[in-house]
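Order-wise, the sequence lines are chains A and B.
Here the working numbering = 1-based position in the first sequence + 173.
Here the working numbering = 1-based position in the second sequence + 736.
What the hints contain is simulated information worked out from the structure, not anything from laboratory work.
Everything numeric in this text was worked out from a predicted model, so none of it was measured.
Errors might be hidden in some of the hints.
Stated by the list, open to error - Ranges between beta-carbon positions, derived for each pair: (1) B:Leu-945 <-> A:Gly-273: 29 to 35 Å; (2) A:Thr-300 <-> B:Ala-839: 51 to 57 Å; (3) B:Ile-867 <-> A:Val-198: 40 to 46 Å; (4) B:Gly-896 <-> A:Leu-261: 21 to 27 Å; (5) A:Phe-251 <-> B:Lys-835: 41 to 47 Å; (6) A:Leu-261 <-> B:Thr-921: 23 to 29 Å; (7) B:Ala-944 <-> A:Ala-269: 23 to 29 Å.
Glycine included, each C-beta is placed from N, C-alpha and C at the ideal position.
Read off the chains here:
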Amino acid sequence: MLLVIAKDHSVTGSALGSILSVPGVVWIILAAVLAHESWRWLGLWIGSRVSVDGQVFQWVQYVAMALVAALVMRLVLFPAGALADVDLMARCAALAIGVGTYLVTRRNLAMGVAVGSLSLAAFVALT
Amino acid sequence: MSRLRNRAFRSGFTVCWSTPGVVLLGTSIGYGALANDAGLSAALAVAISALFFALPAQVVLVDEIARGTGLIAIALAVSVTAIRLLPMAVTLVPYFQLKKDPAWLRIYAIHQLAITPWLEAQQRLPRVSPIVRLPLYAGIGTGIMVNTLVGTAVGHWLAGGLPTALSAALLFMTPVYFLLSLIGTAVRLPHLLALGLGAALGPVMFLALADTGLDLLVTGLIGGTAAWVVARQIDRAAR
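If we strip away everything but chain A, and leave its shape as in the complex, we get (with noise of 0.2 Å):
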């Protein structure tokens, strides 16, 4: 079966007529949705097979852990989208805020939060 992607992401394949004439986005979110979801669906059925009280799960914990923070300092200093327009100082300045806020409110979550969002919003309106 061969498939042709034309240029405006049209797909019609050669043995299969006008059925794959949908358009090409269709077929495109349908290949990403497999390709992601795949991932959850592996991480389901490995988990089904380790125990919380095992140390695979602990290694796999802080592994996680460790991911995500390296998430927060890629989000942080490498952003895209509106963010990127944002000094850098600010933005950590700003990290900062919220970090202190929670530790100062007792581990506020909501206020650490508010006050990191909002120290944010200030900097950017006030430059």
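Fit chain B to the known structure of chain A by using the hints.
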């Protein structure tokens, strides 16, 4: 028994008006606006939010479609953004291990896996009985999903009408929330070590490996393994 589980689901669902729910609402508004700018209809933007439920994948998808990239390249790029979901799923699913949980509920619940529901789960699931963990998580995930879909629709409708300060603040809520939640889950020294190493190595790996998704995985593996080794040493010394 199932009244207990229903209650757990509803309890999880109340996340939609708590901090993580509001954070996802804000982020989804940003995504909705982005999708509008890229020319997607509101229906398509919301459908994509529902099908992927992961912002990195959605952003990549919208961006690459707008550029006219080919199907296989897009599928690969999106797939790579999902690698981070693997360790998360592996540290979530063992909490559910009850033979009576139906398969369809597990598959539904695992679809609701994103960083925010995962962070909530790490804090809430260990404290409740295994019987209610899966319904509780399904509730959390569903609540976050509802906020995501509503946010996407609102964002699409608002589109370019948001002042810069507001859109930046909306986007910024995500890293702040992630970091504070991580700190909240860090009850032992090895946890803090994992966070510190991840934060230190992450930027280095990003500069070396760029936005391939591998940067996160490598950082996670190195930082996480080091923290785990330290944890084992501490546990051994305590015996």
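Structure-based check of all given hints:
Between Leu-945 of chain B and Gly-273 of chain A the C-beta distance comes to about 32 Å, which sits within the given range of 29 to 35 Å. For Thr-300 of chain A paired with Ala-839 of chain B, a C-beta distance near 54 Å keeps the hint of 51 to 57 Å intact. Against the hinted window of 40 to 46 Å, the Cβ-Cβ separation of Ile-867 of chain B and Val-198 of chain A comes to about 43 Å, which satisfies the hint. A beta carbon spacing of about 25 Å between Gly-896 of chain B and Leu-261 of chain A agrees with the range 21 to 27 Å that was offered as a hint.
In this structure the supplied range 41 to 47 Å holds for Phe-251 of chain A paired with Lys-835 of chain B, their Cβ-Cβ distance being about 45 Å. Under the hint 23 to 29 Å, the C-beta atoms of Leu-261 of chain A and Thr-921 of chain B, about 27 Å apart, fit the expected range. Between Ala-944 of chain B and Ala-269 of chain A the beta carbon distance is about 26 Å. The supplied range of 23 to 29 Å therefore holds.
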